[in-house]
Amino acid sequence: VPPALRYGLAAASVVAAAALTTGPLGHWLIPEEPERFVHGITFLYATAVMSAWLGGRGPGLVAALLAALAVDYFFTPPVYWITLDFDLFLRVAVFALSALLVGWLTARRRGMEAALRHSRDELELRVQERTADLTRSNQQLHAEIAARTRAEKTLREHAQLLDLTHDTVFVRDMNNVITYWNRGAEELYGWKRHEAVGKVSHELLQTVFPAPLDEIALQLIQTERWEGELVHTRRDGTKIVVASRWSLQRDDRRQPTATLETNNDITERKRAEDALVRAQAELAHVTRLTALGELAASIAHEVNQPLAAIVADASACLHWLAADRPPLDSVRASLAAITDDGRRAAEVIARIRALVSRSSIDQQPCDLTGVIWDVLLLVRAELRQHGLFLHTSLATDLPLVMGDRIQLQQVLLNLLLNAADACREVPAERRRLLVRATVERRDDGAWAAVAVADAGIGLGDVDTARLFDAFYTTKSGGLGMGLSISRSIIERHGGRLWATANPDHGATFHFALPALQ
Amino acid sequence: MSEPISRLISVVDDDASLRRSLRNLLTSVGFRVETFASAEEFLTSAHRQNTGCLVLDLRMAGMNGLELLRYLATSASGTPVVILTAHGTDEARQQCLQAGAVAFLSKPFQADALLDAISTALER
Chain A
1 VPPALRYGLA AASVVAAAAL TTGPLGHWLI PEEPERFVHG ITFLYATAVM SAWLGGRGPG
61 LVAALLAALA VDYFFTPPVY WITLDFDLFL RVAVFALSAL LVGWLTARRR GMEAALRHSR
121 DELELRVQER TADLTRSNQQ LHAEIAARTR AEKTLREHAQ LLDLTHDTVF VRDMNNVITY
181 WNRGAEELYG WKRHEAVGKV SHELLQTVFP APLDEIALQL IQTERWEGEL VHTRRDGTKI
241 VVASRWSLQR DDRRQPTATL ETNNDITERK RAEDALVRAQ AELAHVTRLT ALGELAASIA
301 HEVNQPLAAI VADASACLHW LAADRPPLDS VRASLAAITD DGRRAAEVIA RIRALVSRSS
361 IDQQPCDLTG VIWDVLLLVR AELRQHGLFL HTSLATDLPL VMGDRIQLQQ VLLNLLLNAA
421 DACREVPAER RRLLVRATVE RRDDGAWAAV AVADAGIGLG DVDTARLFDA FYTTKSGGLG
481 MGLSISRSII ERHGGRLWAT ANPDHGATFH FALPALQ
Chain B
1001 MSEPISRLIS VVDDDASLRR SLRNLLTSVG FRVETFASAE EFLTSAHRQN TGCLVLDLRM
1061 AGMNGLELLR YLATSASGTP VVILTAHGTD EARQQCLQAG AVAFLSKPFQ ADALLDAIST
1121 ALER
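Protein sequence lines correspond, in order, to chains A and B.
With this note's numbering, the residue at position 455 of the first sequence is 455, and numbering never jumps.
With this note's numbering, the residue at position 1 of the second sequence is 1001, and numbering never jumps.
Everything labelled a hint here was simulated from the structure, so no lab data went into it.
Computed from a predicted model, the values in this text were never measured in an experiment.
No residue lacks a Cβ here, since even glycine has one placed at the ideal position from N, Cα and C.
Treat the hints with care, as some may be off.
To spell it out: a stretch of chain A is covered by chain B in this simulated footprint if at least three of its residues, at any positions, have a beta carbon under 8 Å from a beta carbon of chain B; those stretches are [claimed, not checked]: (1) 210–220; (2) 330–343; (3) 380–386.
Every beta carbon over 12 Å from chain B, so not counted as near; a handful from chain A, in silico [what the hints assert, rightly or not]: (4) Leu100; (5) Glu302; (6) Gly458; (7) Pro514.
Required output: the full structure, derived from the provided sequences and hints.
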């Protein structure tokens, strides 16, 4: 309320009270004069106090002054006159003090009320804020619960899906303790979920690893994946080979928490593969024997040559020793030559024996230069028979390869005999072969490459895509197994075998093998 | 065994070891010996004309033994030829004898058989 109004109302209320008590209404209500005066004084006093109560200290003081004057004017003899005496001063003081006291009480009350209101408002604000916080938290909680419910539902669905797969899936923690075991795992291994969960997987399955477990674990931590073949033991004691894939799971802080292991039973496939390898080795052996059969005459020549030399030298020695003064130097030289020729014949026999004796595969670090010379020793007579000139260009830094020496000899033997065949009908000047060995540096490391180049009839219309197929042959008496077996041998060694047409005449057959790391 | 006589024996064989050992054997019984690594080398040699007997291998690069034998027969050189081969097949034997070889010996051979064959050839 504006101050002017408050002061106005205070003054007006005193005037109204004076008018009421001194006017006709006052005379009618209280006809007797002393009582009307007493009530009039009380009424005016009350008006001053009310003004202080309602309007505050200022308006209260104004009302008190006016009320004291009104009392003096209307009710204190001489009436209708203001006497400036001690009574008036005392009355003004009492009225003013009362008004001040009431005003102070009023102000204090209002101050307290305001403080109370302020506190209430503040409290309400805090309550509202807190309520809003709680509402938000509640909403978040609801969202989290909903998300968790969804996640649990998804997890249940995934777990159900994992049960549907034929693959074996299980989860193990970082101590290899199984925490999940799907139906596929139950079927493959024979242990129920409740039996497997809580067990250490490698102990339960008696896992045989292809590498030290520390190395595998390191790779898993570094790349979050690992793949390899494992041997597991089922509940009934039978051993199985599985193709195993591991995936590492991490938490929000990137800490590894679990490993998901998916296994496929490849026991039958491995068995079939092993049988295939054995069958191929047998076939390669038979093919090798066939090739050696074709070479029999040439090989006989290779053995008979040194034997003939031995016979001649030995006879010469006998003749010399029968003389009166034997030429001992000549005898000694001949005996040394006999030793050399004997060794030469023995080497040929040893190489033949190696080629015919074994059908199993024996992978070892292998020197391709040695392989090439072993084969050239056996075929040089055959090549000479066909009037073929053989050239060699062998790198001195050819790296070792991992392989079966006999099978690699067979490949080279096959390529050389094919090359000799291709040169059978061509003019003498084109009857030449080149065996070349080089080192190839590739992104994945060094490779040893061997090429057999001829200037023969070439590939012509031969279907190069089918060249290495089994039973595909361009020779009248050929079986069509040589190149097929050669390619399977080279591929089994992790290498490649291929053919290219030469720019002028003939063809070149190449094979390349990864160098031994 | 034949008596040693000083006639020139030429040996054509592409195997160095055999050329050396045949030289030893033939010189040990008194022959003069010249050796050649190929038919072409023999044909271009000055010793071709005074060769009393030619000991010839069959399987060689370039001109082979049978081709040289036939060439000598057509050129009427009159040099007797003893074939000494590691490929002693019946077919080869027949071909060589038909082409005029005086003897056909398979490697490995008996030394006496070779010396006898050479002696016989020289006597012709």
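> Going through the earlier hints one by one, which of them does the structure break, listed in rising order?
Replying inline: 1, 5
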